[in-house]
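From first to last, the protein sequence lines stand for chains A and B.
Each residue of the first sequence is one higher than the last, beginning at 1 in my numbering.
Each residue of the second sequence is one higher than the last, beginning at 174 in my numbering.
There may be inaccurate statements among the hints.
[Said to hold, decoys possible] Below, computed lysine to any residue pairings styled on SDA-like, alpha-carbon distance capped at 25 Å:
id, chain 1, residue 1, chain 2, residue 2
1, A, 28, B, 339
2, A, 166, B, 236
3, A, 166, A, 127
4, A, 153, B, 326
5, B, 326, A, 24
6, A, 28, B, 326
7, A, 146, B, 326
8, A, 28, A, 54
9, A, 146, A, 24
10, A, 153, A, 86
11, A, 108, A, 165
12, B, 201, A, 24
[Unchecked claim] Partial list, derived from the structure: chain B residues whose beta carbon lies under 7 Å from chain A:
id, residue
13, 195
14, 196
15, 199
16, 237
17, 239
18, 267
[Claimed, not checked] Have a look at the derived ranges for each label pair, beta carbon to beta carbon:
id, chain 1, residue 1, chain 2, residue 2, range
19, A, 132, B, 302, 12 to 22 Å
20, A, 21, B, 323, 36 to 46 Å
21, A, 50, B, 325, 35 to 45 Å
22, A, 118, B, 193, 15 to 25 Å
23, A, 10, B, 198, 36 to 46 Å
24, B, 330, A, 111, 32 to 42 Å
25, B, 193, A, 52, 49 to 59 Å
26, A, 121, B, 323, 43 to 53 Å
27, A, 74, B, 271, 30 to 40 Å
28, B, 270, A, 38, 33 to 43 Å
No lab work stands behind these hints, which were simulated from the structure alone.
In this text the structure is predicted, and so the values were computed from the model without any measurement.
Where a beta carbon is used, it is the ideal one built from N, C-alpha and C, also for glycine.
2 protein chains.
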Amino acid sequence: MSRRIPTGDNRIRDYCEACTYIHYENPKLVVGAILEFEGNILLCKRAIEPRLGYWTLPAGFMENGESTQAGALRETFEEAGADAQIEAPFALFDLPHISQVHLFYRGKLRSSDLNPGPESLEAGLFSEATIPWDSLSFESVRQCLKLYLCDRKRGQYPFHSVALEKCSEDDQR
Amino acid sequence: MSRRIPTGDNRIRDYCEACTYIHYENPKLVVGAILEFEGNILLCKRAIEPRLGYWTLPAGFMENGESTQAGALRETFEEAGADAQIEAPFALFDLPHISQVHLFYRGKLRSSDLNPGPESLEAGLFSEATIPWDSLSFESVRQCLKLYLCDRKRGQYPFHSVALEKCSEDDQR
């Protein structure tokens with residue numbers, strides 16, 4: 001593999017001189033969900049780095065062959081063992097400094113039964129007053145919660161698009 | 174490289190036995206824009222495969238280090254030489270059968286000056302009556318235009334999220 005600008009392109013790529021294969025690297029999409037049960041919001045305590053021990057909304061890297069909604073539901077099941085129903089897209093966060101896009105749906109849990117998987121130390125339902133603001137995992141999670149609680153008060157949930165600046169937590173993802 | 178499920182994972186990945194590098198493959202994000210100048214919509218005629226000779230909204234694979242908005246503006250400049258201003262996210266299309274997500278913003282052109290780049294045979298501004306419905310490049314482009322024209326009539330632009338089924342054009346992308 002060498003690094004050069006392929007014919008017809010304008011960026012340096014990893015390129016195999018032998019077989020002409022171009023290895024494109026593109027931003028990764030993280031899909032997640034903000035989910036309520038009787039007014040309380042589902043959070044998971046991370047059992048893995050980065051940000052082990054911090055609370056997060058269920059979310060993770062989207063996999064090939066799935067939709068964004070399916071990915072958000074899969075992550076919710078993997079991290080919290082929760083049975084969720086998506087209602088609408090809620091917020092998109094751009095994190096260009098780490099080449100990620102975080103997309104959160106909003107929805108409801110069908111029951112309060114939680115069964116955290118190996119990626120979570122625990123999972124829980126939090127009222128607005130009990131959200132662990134000082135122990136959240138990522139800036140996108142913090143802003144997603146803030147936006148959601150604000151929208152819930154107004155009873156209106158427009159779609160949000162937010163560009164996030166570099167911050168220390170993100171670098172660890 | 175071998176293919177196996179890494180420790181702590183639940184999917185088969187390309188894995189280097191020598192250095193333990195895991196090569197994750199994730200869906201690609203295509204970013205684009207639906208842009209107006211004096212009520213007419215910008216379309217570009219593709220000079221490259223797939224769908225050479227068909228009309229498209231400016232759009233392309235998002236690059237590392239940029240935001241979704243910046244990517245949509247870059248593609249607009251590369252494909253149409255147009256100076257655009259983004260107003261809001263407009264529609265997200267899931268294409269799980271080709272592991273892609275297409276995200277379109279809506280906005281305005283600052284002028285009608287167009288200067289199509291090497292990826293476009295031409296670029297033009299189309300009124301609703303002149304849109305070349307039979308010569309559009311991709312299903313996401315067709316649906317994006319339909320949704321936009323419908324919203325414009327109502328004067329309301331909610332964010333749309335659409336799951337697209339397998340269709341022949343998409344396979345060529």
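How the hints compare with the structure:
1. A:28 / B:339: holds, 22 Å
2. A:166 / B:236: Holds, because 17 Å separates the two Cα atoms, which is no more than 25 Å.
3. A:166 / A:127: Cα-Cα ~29 Å, so violated.
4. A:153 / B:326: violated, 30 Å
5. B:326 / A:24: Not OK: residue 326 of chain B and residue 24 of chain A at ~40 Å, beyond 25 Å, violated.
6. A:28 / B:326: Roughly 35 Å between the alpha carbons, so the hint for residue 28 of chain A and residue 326 of chain B is violated.
7. A:146 / B:326: violated, 33 Å
8. A:28 / A:54: holds, 22 Å
9. A:146 / A:24: Roughly 35 Å separates the two Cα atoms, so the pair is violated.
10. A:153 / A:86: holds, 20 Å
11. A:108 / A:165: Violated, at roughly 30 Å.
12. B:201 / A:24: holds, 10 Å
13. 195: Given a least distance of 12 Å, the restraint on residue 195 of chain B is violated.
14. 196: Constraint on residue 196 of chain B not satisfied, violated at 9 Å.
15. 199: holds, 5 Å
16. 237: holds, 4 Å
17. 239: holds, 5 Å
18. 267: holds, 4 Å
19. A:132 / B:302: 12 to 22 Å: violated, 56 Å
20. A:21 / B:323: 36 to 46 Å: At roughly 42 Å between Cβ atoms, residue 323 of chain B and residue 21 of chain A fall inside 36 to 46 Å, so the hint holds.
21. A:50 / B:325: 35 to 45 Å: Check passed, 43 Å falls within 35 to 45 Å.
22. A:118 / B:193: 15 to 25 Å: holds, 19 Å
23. A:10 / B:198: 36 to 46 Å: At roughly 24 Å between Cβ atoms, residue 198 of chain B and residue 10 of chain A fall outside 36 to 46 Å, so the hint is violated.
24. B:330 / A:111: 32 to 42 Å: holds, 36 Å
25. B:193 / A:52: 49 to 59 Å: violated, 20 Å
26. A:121 / B:323: 43 to 53 Å: holds, 47 Å
27. A:74 / B:271: 30 to 40 Å: Taking Cβ atoms as reference, residue 74 of chain A and residue 271 of chain B lie about 19 Å apart, which means the hint is violated.
28. B:270 / A:38: 33 to 43 Å: For residue 270 of chain B and residue 38 of chain A the Cβ distance comes to about 37 Å; the hint holds.
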